[in-house]
Amino acid sequence: MAQVSLRKIIKAYEGGVQAVKGIDLDIEDHEFVVLVGPSGCGKSTTLRMIAGLEEITSGDIAIGGTVVNDIPPRDRDIAMVFQNYALYPHMSVYDNMAFGLTLRKFPKAEIDRRVKEAGRILDITPLLDRKPKALSGGQRQRVAMGRAIVRDPKVFLFDEPLSNLDAKLRVQMRTEIKKVHQTVKTTTIYVTHDQVEAMTLADRVVVMNHGVIEQVGPPQELYHHPATRFVAGFIGSPAMNFIPARLEEMSGALRLTLSNGQTLEVPDARTARYRAHAGKPVLFGIRPEHLTDDKPTDKTNPAPVTLTPEVIEPMGMETLAHFKLDGAEISARLDPATPAAVGEPLRLIAHMDQMHLIDPSNDKVL
Amino acid sequence: MAADGTLAVPTAAGAGSGRANTLQRFARRRSTIAFLMTLPLLVVVVGLVGYPAAYGIYLSTLNRRMTGFMEGDWLPTGLGNFEILFDSDTFWMVVWQSCIFAITAVLLKALIGFWLAHMLHHIPTKGQRKWRGMLLVPWVIPPALSTLGWWWMFDPSYSSINWILNIFAVPAVPWLGEPWWARASVIIVNVWYGAPFFMIMYLAALKSVPEQLYEAAAIDGATSWQRLRYVTLPMMANIISITVLFSLIVTFANYDIVRVLTNGGPRDLTHVFASYAFQVGILSSNIPRGAAVSLFMFPILAVCAFFVLRGVTRRNKEQM
Chain E
1 MAQVSLRKII KAYEGGVQAV KGIDLDIEDH EFVVLVGPSG CGKSTTLRMI
51 AGLEEITSGD IAIGGTVVND IPPRDRDIAM VFQNYALYPH MSVYDNMAFG
101 LTLRKFPKAE IDRRVKEAGR ILDITPLLDR KPKALSGGQR QRVAMGRAIV
151 RDPKVFLFDE PLSNLDAKLR VQMRTEIKKV HQTVKTTTIY VTHDQVEAMT
201 LADRVVVMNH GVIEQVGPPQ ELYHHPATRF VAGFIGSPAM NFIPARLEEM
251 SGALRLTLSN GQTLEVPDAR TARYRAHAGK PVLFGIRPEH LTDDKPTDKT
301 NPAPVTLTPE VIEPMGMETL AHFKLDGAEI SARLDPATPA AVGEPLRLIA
351 HMDQMHLIDP SNDKVL
Chain Z
1 MAADGTLAVP TAAGAGSGRA NTLQRFARRR STIAFLMTLP LLVVVVGLVG
51 YPAAYGIYLS TLNRRMTGFM EGDWLPTGLG NFEILFDSDT FWMVVWQSCI
101 FAITAVLLKA LIGFWLAHML HHIPTKGQRK WRGMLLVPWV IPPALSTLGW
151 WWMFDPSYSS INWILNIFAV PAVPWLGEPW WARASVIIVN VWYGAPFFMI
201 MYLAALKSVP EQLYEAAAID GATSWQRLRY VTLPMMANII SITVLFSLIV
251 TFANYDIVRV LTNGGPRDLT HVFASYAFQV GILSSNIPRG AAVSLFMFPI
301 LAVCAFFVLR GVTRRNKEQM
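Heads up: the sequence lines are chains E and Z, in that order. If you're matching positions, the first sequence starts at 1 in the UniProt record's numbering and goes up one per residue. If you're matching positions, the second sequence starts at 1 in the UniProt record's numbering and goes up one per residue.
Derived from the structure by calculation, the hints contain no laboratory data. Do not rely on the hints blindly, as some may be mistaken.
Stated by the list, open to error - No more than 16 Å apart at the CA atoms, straight line, and that leaves these computed lysine to aspartate or glutamate pairs for EDC-like:
{"id": "1", "chain 1": "E", "residue 1": "178", "chain 2": "E", "residue 2": "31"}
{"id": "2", "chain 1": "E", "residue 1": "178", "chain 2": "E", "residue 2": "203"}
{"id": "3", "chain 1": "E", "residue 1": "131", "chain 2": "Z", "residue 2": "89"}
{"id": "4", "chain 1": "E", "residue 1": "133", "chain 2": "Z", "residue 2": "89"}
{"id": "5", "chain 1": "E", "residue 1": "179", "chain 2": "E", "residue 2": "203"}
{"id": "6", "chain 1": "Z", "residue 1": "126", "chain 2": "E", "residue 2": "14"}
{"id": "7", "chain 1": "E", "residue 1": "324", "chain 2": "E", "residue 2": "310"}
{"id": "8", "chain 1": "E", "residue 1": "116", "chain 2": "E", "residue 2": "95"}
This is chain E alone, in the form it adopts within the complex (with noise of 0.2 Å):
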């Protein structure tokens, strides 16, 4: 059982800067957690707590039950796969993985038998002679997950494993990293700044934002039902619009104005939701996805807006258009038959049952 832990952990540095400061967190066995965040959000040192490279300035972690705290790194029965793979450059592909158990004085046969399995997973078995330089960057990236398969680990760390792969190669390690968790099950953190990798691979996302935990959630809850602005803006691609308006109530029903005085329906079933905020300014949260062209749809409430696009994104399966109305920069995902050009009004539905309020005195999604 490998169950992870986090309880009130803070990391300060020196001139009291809190990188992390005071998160609670639970990750279950076989679980694959994702911590995601923009740069400088605390994850990536969160990780490397949890790993034992960096002391805890308060709060306990347990791996397993046992409260690591004052655990050196090599006792904590943890693998890690690091960005720049950090193999050992002097021994060939199989002495990188053998390494970690060797040190733990495996009979050699075991050694063998587990580095040619986590070759045979990882598809590496002809390279095992070959040494890193060798390799290219993926084969590396395969290497140093097989350094972390054969230990048999409680927990499985990735730090941002797959930041220096190209885009397409990118794509196929995800895959390939998604297999193996599903092969071996093993407990996994992944670090990523990277919100599709954290949507694709992730059983849990753990969104980070200065130093403190945003938001956990499984992949679509988080795209549902986000809980702060942050969230709302940081899953998903093209990230959400925030649109300035006003709520108001008309005779038991609410709808939205906004600053060029459209109007727009909320549905009925948020009505009770958002009442308690009719008649202040709130933000009119819509993905573009669910701000399209005006055509029949089968979502329900739909409600018509008019903007002018200021630039059209032609992506082939789809047509992105960018506008701007009262500072706010808008995208919508339009059908590529759409007949759209710059500086010519367009006709957009917003699908209002996708709609999302947030309160800009705190950022929390209402």
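Following the hints, position chain Z against chain E.
Same frame as chain E, but now just chain Z:
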């Protein structure tokens, strides 16, 4: 651009301009330009190294009065000086002493330098500069000058080291009077002078080992000793071997420390190649034999250099 590194220059190939074109092409070849640019250095190297070396070889073949080639009993004419050296007990003692001196001193310098570099590497950057500067002092003082200081400290009557030893009730040591103490003294001074060079080279090498390799090793289960053994040393192998080779050459050819400290005494028991060559060649006015003595270093160092550089090339191919 052609595969051989030449630039293809489109020229009007007229009948009269053929020779000019060839010259132009020759001048534009990359290798020609490279050669011309290194020429000044080559001239200096040939003038200051090649010529004296060749002249040294020529000198070693002459007789004492330098009127003709030195004849030998069982070696051909011209190698007579070497024959005399082979038959000389003093010379073999010098060979043996030179080896002991160079190997012991280089080994100690390497160990102390490595230890110092490690200590410095773990001092925070702020304090490191100060210590680095202080530890480099022995290396930047001209050795003849600092050796005079040591000579004073080893002096039989005024030795400050003996004075300190006496405080702790340890009897005075005849530093430069007894053969083994004299040999040790020469080695101590050489180590004191040379260790900072090793320290600075190893410090640079230590700084170039990526931190993540240590982190990976720590997670793999390595103790600090195992990290040193399996990460630091292999990663530094090239710098270590090149520094050792360089120091071996310089230490083998050391002259000033022996000359100032013991002048080869007592009874020629601390002579090394260079000081013995000076004694035979200049002080005893037998320049050809002195040249023959100094030429002896060459094959020994050439063998060392061959093996060290072969290892460096092999590691470079594998790792870089």
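Checked hints:
no., hint, in the structure
1, E/178 <-> E/31, "holds (12 Å)"
2, E/178 <-> E/203, "holds (11 Å)"
3, E/131 <-> Z/89, "violated (51 Å)"
4, E/133 <-> Z/89, "violated (53 Å)"
5, E/179 <-> E/203, "holds (13 Å)"
6, Z/126 <-> E/14, "holds (14 Å)"
7, E/324 <-> E/310, "holds (7 Å)"
8, E/116 <-> E/95, "holds (12 Å)"
Against the hints set out earlier in the document, violations occur for numbers 3, 4.
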